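Peer 1: For reference, the chains in residue letters:
2 protein chains.
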Amino acid sequence: MRNSAIISIGNEILLGKTVNTNLAWLASELAAMGLPVECSITVKDDPEAIGSALRQCWKHYDVVISTGGLGPTDDDITKQEIARFFGRELVFDEKLWQHVQNLFSKRGLPTPQINRCQAMVPAGFTALSNWRGTAPGLYYSDQGHCFFAFAGVPAEMMHVFETGAKPILLDKYHDLEPVLQKTLHSFGISESALAEALCPLNLPRGVHLAWLPQTGRVDLRFYGEREDLIESAIQAAKEKIGKYLWGSDEDTPVSVISALLREQGLKISVAESCTGGLLQTMLTDLAGSSDIYAGGVVSYSNELKNKLLGVSAETLSRHGAVSTECALEMVEGIKSLTNSQAAISVTGIAGPDGGTKEKAVGTVHFGFSLFKDVWSVVHIFSGDRQAIRYKAAEYALLHMIIRLQGKRI
Amino acid sequence: MRNSAIISIGNEILLGKTVNTNLAWLASELAAMGLPVECSITVKDDPEAIGSALRQCWKHYDVVISTGGLGPTDDDITKQEIARFFGRELVFDEKLWQHVQNLFSKRGLPTPQINRCQAMVPAGFTALSNWRGTAPGLYYSDQGHCFFAFAGVPAEMMHVFETGAKPILLDKYHDLEPVLQKTLHSFGISESALAEALCPLNLPRGVHLAWLPQTGRVDLRFYGEREDLIESAIQAAKEKIGKYLWGSDEDTPVSVISALLREQGLKISVAESCTGGLLQTMLTDLAGSSDIYAGGVVSYSNELKNKLLGVSAETLSRHGAVSTECALEMVEGIKSLTNSQAAISVTGIAGPDGGTKEKAVGTVHFGFSLFKDVWSVVHIFSGDRQAIRYKAAEYALLHMIIRLQGKRI
Chain U
11 MRNSAIISIG
21 NEILLGKTVN
31 TNLAWLASEL
41 AAMGLPVECS
51 ITVKDDPEAI
61 GSALRQCWKH
71 YDVVISTGGL
81 GPTDDDITKQ
91 EIARFFGREL
101 VFDEKLWQHV
111 QNLFSKRGLP
121 TPQINRCQAM
131 VPAGFTALSN
141 WRGTAPGLYY
151 SDQGHCFFAF
161 AGVPAEMMHV
171 FETGAKPILL
181 DKYHDLEPVL
191 QKTLHSFGIS
201 ESALAEALCP
211 LNLPRGVHLA
221 WLPQTGRVDL
231 RFYGEREDLI
241 ESAIQAAKEK
251 IGKYLWGSDE
261 DTPVSVISAL
271 LREQGLKISV
281 AESCTGGLLQ
291 TMLTDLAGSS
301 DIYAGGVVSY
311 SNELKNKLLG
321 VSAETLSRHG
331 AVSTECALEM
341 VEGIKSLTNS
351 QAAISVTGIA
361 GPDGGTKEKA
371 VGTVHFGFSL
381 FKDVWSVVHI
391 FSGDRQAIRY
401 KAAEYALLHM
411 IIRLQGKRI
Chain S
11 MRNSAIISIG
21 NEILLGKTVN
31 TNLAWLASEL
41 AAMGLPVECS
51 ITVKDDPEAI
61 GSALRQCWKH
71 YDVVISTGGL
81 GPTDDDITKQ
91 EIARFFGREL
101 VFDEKLWQHV
111 QNLFSKRGLP
121 TPQINRCQAM
131 VPAGFTALSN
141 WRGTAPGLYY
151 SDQGHCFFAF
161 AGVPAEMMHV
171 FETGAKPILL
181 DKYHDLEPVL
191 QKTLHSFGIS
201 ESALAEALCP
211 LNLPRGVHLA
221 WLPQTGRVDL
231 RFYGEREDLI
241 ESAIQAAKEK
251 IGKYLWGSDE
261 DTPVSVISAL
271 LREQGLKISV
281 AESCTGGLLQ
291 TMLTDLAGSS
301 DIYAGGVVSY
311 SNELKNKLLG
321 VSAETLSRHG
331 AVSTECALEM
341 VEGIKSLTNS
351 QAAISVTGIA
361 GPDGGTKEKA
371 VGTVHFGFSL
381 FKDVWSVVHI
391 FSGDRQAIRY
401 KAAEYALLHM
411 IIRLQGKRI
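Going line by line, the protein sequences match chains U and S.
Per the working numbering, the first sequence starts with residue 11, numbered consecutively.
Per the working numbering, the second sequence starts with residue 11, numbered consecutively.
Don't take each hint at face value.
Because identical chains cannot be distinguished in the list, a pair is counted as satisfied if it fits within a single copy or across any two copies.
Subject to a maximum C-alpha distance of 27 Å in a straight line, what follows is the list of computed DSSO-like cross-link-like pairs (lysine-lysine) [what the hints assert, rightly or not]: (1) Lys417 - Lys369; (2) Lys250 - Lys69; (3) Lys27 - Lys176; (4) Lys367 - Lys317; (5) Lys192 - Lys277; (6) Lys253 - Lys277; (7) Lys176 - Lys369; (8) Lys248 - Lys417; (9) Lys277 - Lys382; (10) Lys277 - Lys317; (11) Lys105 - Lys250; (12) Lys182 - Lys250; (13) Lys317 - Lys382; (14) Lys248 - Lys69; (15) Lys182 - Lys401.
These aren't lab readings, by the way, just hints derived from the structure by calculation.
All values reported here derive from a predicted model rather than from experimental measurement.
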C-alpha cells in the first residue's frame with residue numbers, strides 16, 4: 011500500500027500560537043485517496059530542522075508534503091531549504107511575477123516589491139498556481155516519489171492541493187487502495203458502557219474498530235479493506251446499540267437535524283441564554299439553513315425573556331431564569347413568536363461564576379417543543395465555560411434528533 | 011536553553027478525523043515555561059511507530075511528552091509500548107483501581123471491567139492523578155531527562171499536565187529561561203502592506219519578528235531574550251502602524267471589546283442575519299458577559315426583521331434584506347428593543363447560494379450605533395460560507411473596537 015508523510019513548518023505551531031488544522035485536512039484527503047499519512051513531523055522555521063525533516067521523509071514515503079514558510083516575509087525560509095536539500099538553484103519565473111502583480115492590481119493596490127521572492131522556483135520544480143494568494147505550490151518528482159510544498163494559510167493550501175496536487179497524484183499512481191471505513195456516531199452513553207454493550211463484538215477478520223471519544227459523545231470507526239465485512243460488523247453493532255446511534259460518517263449534529271427537518275417539512279426556532287447564540291450558529295452553519303431555521307433570540311436578560319418571549323415575572327422571581335419552568339415558557343414563547351413547528355430553549359449556568367448550592371455551574375435546563383408536545387430536560391455538564399456551552403448546544407441538537415428519529419433513550 | 015518534544019499518538023489524527031489541539035495547547039504552556047517544543051512527531055497506534063518516535067526523542071530533548079492511546083479500549087497500546095521501550099513490566103496499582111471505581115460510582119454506574127487496565131503502571135513510573143477521567147498520566151525521569159504520557163482527551167490532558175506535570179517540571183529545572191515575546195494584532199491592512207509600512211524596521215539585534223497571518227487579519231510577534239529591546243521594537247512599530255493595531259498578546263476581539271464596554275459602562279446588543287448567532291456567541295464567550303451584553307436576535311426571516319426589529323416593509327421590498335437601509339433599521343431596532351448604548355447589525359449573503367450580480371456572495375452590510383451615532387459599512391468577504399460568517403462576525407467586533415478606542419481607519 012502506498013503512503014505519505016507531512017512536514018509542518020512554522021515556529022507558530024511549535025509555540026502553540028496556531029492549531030495545525032492543515033494536518034487534519036490533508037490527512038483526510040490523502041487517506042481517502044489511498045495515500046494514508048504514516049507519519050507527520052512538525053519543525054521550526056529553522057534551516058537545520060527543515061533539512062533534517064526532509065532527510066527523514068524523502069524517499070521513505072511515496073509522497074512527502076510540506077506546509078508553511080512560503081510567504082514573502084523574512085521568516086519564510088522553506089523554499090530556500092527545499093532548494094538546498096534537493097541541490098537546486100532558485101530561478102526567477104516571469105509568469106509567476108505577472109500573477110502576483112495581477113492579484114494586487116485586481117484589488118487596486120500596488121505590488122509590494124517584497125513579493126518578488128514569490129516568483130522564485132527551484133530549478134526542475136513545477137510551480138502550482140495559487141489563485142488565492144501570492145505563494146505558488148511546488149512540485150518535484152523523482153523515481154516514483156513525489157514532493158509537494160504548500161503555503162501554510164489553510165485556504166491557499168487546500169486550493170493548491172485540490173487544483174494542483176490532487177490531479178497529479180491521481181494521474182501518477184494507478185494502484186491506490188483507499189482505506190475503507192465507516193464511522194458510527196453515538197449519544198447518551200459512555201465509552202466504556204458502549205464497549206460493554208458491544209461485548210462480545212467478534213469483529214470479522216480484517217475489520218478493525220477505533221474508539222473516538224469526542225466532547226460529550228463517542229464515535230466508533232470500523233475500517234478495513236473489504237466493504238462487505240465492514241458492513242456486517244456495522245450491522246452487528248447496530249443490533250446492540252442502535253438506539254444510541256444518531257448518524258454516521260460525515261454526519262454532524264447540524265447536518266442530521268437539518269436533513270430531518272427538511273424531510274419532515276419543519277422549521278425550528280431557538281431561544282437561548284447561556285449558550286449565547288451558539289445553538290443558532292450551529293443551526294445556520296449549512297447552506298440553505300433558511301429552509302429549516304425560523305429565527306430566534308438570545309434572551310440574555312430577564313427583561314428580554316419577559317418582553318420578547320412572554321416568560322412571566324412570577325416564574326422568573328419564583329423559580330429563577332435557570333429553571334424547568336422558565337425553559338418551558340421560553341420554548342413556547344419562541345415557537346409562537348416565529349410560528350415554527352419545532353423549538354428549543356436553553357437556559358443554564360455556563361460559569362465559571364453564577365453557580366449556587368442548588369444550581370451548580372454546568373446546570374442547563376432545556377425546553378423542547380415539537381408540534382403540540384412540550385417537554386423539558388435538565389442536564390449537568392462538566393468542563394469549563396467553553397465546554398459547557400458547546401456540550402449544551404450539541405446536546406440540544408442531539409436530543410431533538412433522537413426525537414425526530416422517533417426514538418427515546 | 012532547555013527544550014522539549016511532543017509525540018502525538020493516534021490513528022485518528024493521521025486519518026484527519028481529529029485536529030490535534032493538544033499540540034498547540036501543550037506547546038504554548040511549555041514555551042511559556044522556558045521549555046520550547048523543538049519538534050513534534052505524530053504517529054499511528056502502532057507498536058513500531060511508537061517505538062521509533064520514542065527512540066528519536068528520548069534523551070535528545072530535556073522533556074518528552076506523549077499524548078494519546080491511554081484509553082481502555084483495544085486500540086490503546088501506548089502504555090504497553092512505553093513499558094517495552096523503557097524495559098519495564100506493567101504493575102497493577104490497587105489505589106488507581108480504587109480511583110477508577112470511585113469515578114464510576116460517583117456517577118451511579120458500575121465499573122466496566124475493561125477499565126482494569128487503567129490501573130496498570132510501568133514499574134518505576136509515577137502515576138499522575140486524573141480527576142477528569144480513568145487514564146492516569148505517567149511520569150518517568152532519568153539523568154535529567156523527563157518523560158510524560160497523557161491521555162489524548164484534551165480536558166484530561168490539560169488537567170493532568172497542570173496538576174501533575176507542571177509542578178514536577180518547575181521543581182526539577184531551576185534554570186528555565188522563558189522565551190520573551192509580545193504579539194501585536196492588526197486589522198484592516200494586508201500582510202505585505204504592513205511589511206511596507208513598517209519598512210525599514212531595523213529590529214534591534216537579538217529581536218526577531220514573526221508574521222502571523224490570521225483569517226481576515228495579521229498578527230506580528232516580536233520575540234527575543236531581552237525585554238527592553240523587544241519593547242523598543244514594539245514602540246518603533248507602533249509609531250508606524252499604530253492606527254491599525256487593536257490589541258496585543260492574549261487579547262482577542264471579544265476580550266478587547268468586552269474590556270472597552272466595561273470600562274465605558276456600556277452594554278451592546280446585536281441583530282444578526284447571515285452570521286446566524288455567531289457574533290452573539292463571540293460576545294458571550296467570556297465569563298461575566300451579561301455585564302456588557304444586553305441580548306439580541308437572529309432575525310433569519312423578513313417577517314422577524316419586521317416584527318421584532320421594526321424594519322419597514324417598504325425597506326425590505328425596495329432595497330431587500332441585504333442593504334444599507336435594512337442594516338441601519340435593524341441596528342436601531344435592536345438598540346431600542348434592548349435599551350443598550352451600543353448595537354451592531356449584520357445582514358449579508360454567506361453563500362454558497364443566494365448571490366446575485368448586484369449582491370455577490372460575501373457581501374455583508376453592517377449597521378453600527380454608539381449613543382446617538384448610527385452608521386453603516388459594507389464589505390465583501392472572500393472564502394466559503396464558514397469563512398465569510400467568521401470574518402464578518404470578527405469584522406463587526408474589530409470595527410466597533412477601533413471606534414470605541416476613538417480611532418478611525
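Peer 1: Please go over all the hints and tell whether each is borne out by the structure.
Peer 2: Quick rundown of the hints versus the structure:
1. Lys417 - Lys369: neither (29 Å within a copy, 43 Å between copies)
2. Lys250 - Lys69: neither (46 Å within a copy, 47 Å between copies)
3. Lys27 - Lys176: Answer is between: at 20 Å across copies they meet the 27 Å cutoff, but 29 Å inside does not.
4. Lys367 - Lys317: neither (29 Å within a copy, 40 Å between copies)
5. Lys192 - Lys277: Classified as neither: same-chain Cα gap 30 Å, cross-chain 48 Å, threshold 27 Å.
6. Lys253 - Lys277: Cα proximity of Lys253 and Lys277: one copy only (25 Å, versus 45 Å across).
7. Lys176 - Lys369: neither (53 Å within a copy, 32 Å between copies)
8. Lys248 - Lys417: within (14 Å within a copy, 60 Å between copies)
9. Lys277 - Lys382: within (14 Å within a copy, 37 Å between copies)
10. Lys277 - Lys317: Answer is both; intra-copy 23 Å and inter-copy 18 Å each pass.
11. Lys105 - Lys250: neither (61 Å within a copy, 33 Å between copies)
12. Lys182 - Lys250: neither (44 Å within a copy, 50 Å between copies)
13. Lys317 - Lys382: both (23 Å within a copy, 24 Å between copies)
14. Lys248 - Lys69: neither (43 Å within a copy, 47 Å between copies)
15. Lys182 - Lys401: Neither, since 44 Å and 37 Å both go past 27 Å.
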